[in-house]
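J.: Sequence:
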Amino acid sequence: MCEGPDALECNYAKDYVEMIDIVKTLGEDGSSPDIFITIPSPLMKEKNLIFGMDWNVINTVYPSVIPKIAASTGVEYVDMFTPLGGFAWPDEFPENGCTRANAADVAACTLFCDAQSCDQVHPNDA
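Under the numbering used here, think of the first position of the sequence shown as 1, with each following residue one higher.
Derived by calculation from the structure, the hints in this document are not laboratory data. Bear in mind the structure is a predicted one, so any value in this text is a computation, not a measurement. Heads up, some of the hints might be wrong.
[To be verified] Straight line, CA to CA, 25 Å or less: simulated BS3-like cross-link-like pairs of lysine-lysine:
# : residue 1 : residue 2
1 : 14        : 24
2 : 68        : 24
3 : 68        : 14
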């Protein structure tokens, strides 16, 4: 798994670093383009069967390994996880994730549930 002191040794991290190294060669006039990578927004429900996303990877692995990848490659990262309600999981979160019913009671849920959707992963206009 891509965690702990050997996080950069997992296949995901190695492939990500290799991709960044390739992208660095694609700038005009031989210069490297500006590259930003991101820690994605949190997944607000453990069993997101709609999209088949892995709750542990999105909420634990990515926030840990993306900064290490950025540091090792000299690129910047954008943290979308923390400002969109990411925190230590699952201690403070409703057992069944965000719903329209609890969105007003759980601050992070207001970012993911509105009249349009409540799919637990795509932030709303707020």
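J.: If a hint holds in the structure, say so; if it doesn't, say that too.
T.: Verification of the hints:
1. 14 <-> 24: holds (15 Å)
2. 68 <-> 24: holds (18 Å)
3. 68 <-> 14: holds (11 Å)
The structure shown violates none of the earlier numbered hints.
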